[in-house]
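Colleague: Okay, here's what each chain looks like letter by letter:
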Amino acid sequence: GAGVSQSPSNKVTEKGKDVELRCDPISGHTALYWYRQSLGQGLEFLIYFQGNSAPDKSGLPSDRFSAERTGGSVSTLTIQRTQQEDSAVYLCASSLRALFNTGELFFGEGSRLTVL
Amino acid sequence: AQTVTQSQPEMSVQEAETVTLSCTYDTSESNYYLFWYKQPPSRQMILVIRQEAYKQQNATENRFSVNFQKAAKSFSLKISDSQLGDTAMYFCAGGGTASKLTFGTGTRLQVTL
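Which chain is which? The protein sequence lines are D and S, in order.
If you count the first sequence from 1, you need to add 8 to reach this note's numbering.
If you count the second sequence from 1, you need to add 13 to reach this note's numbering.
The shape of chain S in the complex, shown without the other chains (with noise of 0.2 angstroms):
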């Protein structure tokens, strides 16, 4: 993607809670790939889940899953039954026949008891 945009700069959620994080996209290619990340506060990264733009069945992943829309250029993160661990933040990127992934600015989720 070539520019990817996250609205929410800090969101909330309480313990076993569901919490959706929004991303938006643009892009003018026709393959691409749309992806989160999550940054603990090790720094780390590590990938949540993926989404290839061909497939129309949302990718899961256990607890994580994405509600895609490609008209509307979206690609929304839910994430169900939260859990402490999942403290962090959570960046959308997209990436097609360029050689990189294009981040947006990230949301800083947190997890309350």
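Isolated chain D (complex conformation) (with noise of 0.2 angstroms):
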């Protein structure tokens, strides 16, 4: 496609669902970026995916949250369990190179997830 697209745009769900959030990148962006934006905060980096692995998972905080990628391309976020501290806008990023190659990100126009 021509941008980054997200889905779904918002996400309202009740406390201990599990949630998907996903992201199809720019065609040919071997890298992609989740990012989590909390109210008032900056961006939260999440989770890097370089091809189908995820050479840097750090900032996943907990265990309830998992991402995969699966033919290069779209990437799913999973929240099991939610809880309202989970609530905040996610964000995908993709970049035709590794950040350290001074790709350039393009971003999504995110996902609001609201856990009540």
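These aren't lab readings, by the way, just hints derived from the structure by calculation.
Careful: at least some of the hints might be erroneous.
To give a feel for the contact side, a few chain S residues facing chain D, derived at Cβ under 10 angstroms [said to hold, decoys possible]:
#1 19
#2 59
#3 77
#4 106
Computed beta-carbon distance windows for the label pairs [said to hold, decoys possible]:
#5 123/S - 11/D: 22 to 30 angstroms
#6 80/D - 126/S: 44 to 52 angstroms
#7 85/S - 72/D: 39 to 47 angstroms
#8 24/D - 82/S: 45 to 53 angstroms
#9 85/S - 61/D: 35 to 43 angstroms
#10 16/S - 28/D: 29 to 37 angstroms
#11 43/S - 63/D: 15 to 23 angstroms
All of these numbers come straight from a predicted model, not from anything done at the bench.
Where is the CB? At the ideal position from N, CA and C, for every residue including glycine.
Join the two chains, each given in its own frame, into one complex according to the hints.
Modeller: In structure tokens form, the structure reads like this:
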């Protein structure tokens, strides 16, 4: 596609439910990133994919969070047993190259998650 | 960069005026890159300007320019001739050989008539 696409745009769920957030990066971009943006906060790094592998998942806040990427393209971020503190905007970004090669990040519009 | 600090939560500027947003960072790396991203109400982050640390010349993109002070670890963004469309959150970010960008907490800029 022309840009990074994320779905759903907004998700309201009840505490304890599982949610899946999807990211479709720009075609040909090998690097994919997930960030979390909480109200009044900056962007918190969650996980980085290079192709289908995740060499850096240091930002995942707990084992309730997991992510996968298939076919070097679409990625899914899964949050199990959601808690109210998981409420945030989840941003996905892709890059033609890994950041240490100065690749520019292209962001999607994010998925706003609200846990009641 | 390992830490990025933006000390101005909000700023306001009148249309056509100039405004400077501040950013400081800390890193132990010798090769790194600094960025300013803009996030309008639509939520989509857009790259405004990029600076490679090894370049002494300050980056410029039309009305946007940076003042990169490497010794002071300062990286401010100057917006000249401010326009209503510049109203947004602005994030300073840094990255090096690590795989990720580290972002500051952002500055909310309001451009007024």
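Colleague: Determine for every hint whether it applies to the structure shown.
Modeller: Hints versus structure:
1. Here the hint on residue 19/S is kept, as its CB sits about 8 angstroms from the closest CB of chain D, short of 10 angstroms.
2. Below 10 angstroms, beta-carbon pairs count as interface contacts, and residue 59/S has one with chain D at about 8 angstroms; its hint therefore holds.
3. Checking residue 77/S against chain D: minimum C-beta separation of about 15 angstroms lies over 10 angstroms; hint violated.
4. Because the closest C-beta pair between residue 106/S and chain D is about 8 angstroms apart, less than 10 angstroms, the hint holds.
5. Take residue 123/S and residue 11/D: their Cβ atoms lie about 27 angstroms apart, and the range 22 to 30 angstroms holds.
6. A hinted range of 44 to 52 angstroms for the beta carbons of residue 80/D and residue 126/S is consistent with their spacing of about 48 angstroms.
7. Hint check: residue 85/S to residue 72/D, Cβ distance near 41 angstroms, so the stated range 39 to 47 angstroms holds.
8. In this structure the hint that residue 24/D and residue 82/S lie 45 to 53 angstroms apart at CB holds, the actual value being about 49 angstroms.
9. Distance hint for residue 85/S and residue 61/D: a CB-CB separation of about 38 angstroms, consistent with the stated range 35 to 43 angstroms.
10. The hint said 29 to 37 angstroms for the Cβ distance between residue 16/S and residue 28/D, and at roughly 32 angstroms that hint holds.
11. Checked against the hint of 15 to 23 angstroms, the pair residue 43/S and residue 63/D passes, with Cβ atoms roughly 22 angstroms apart.
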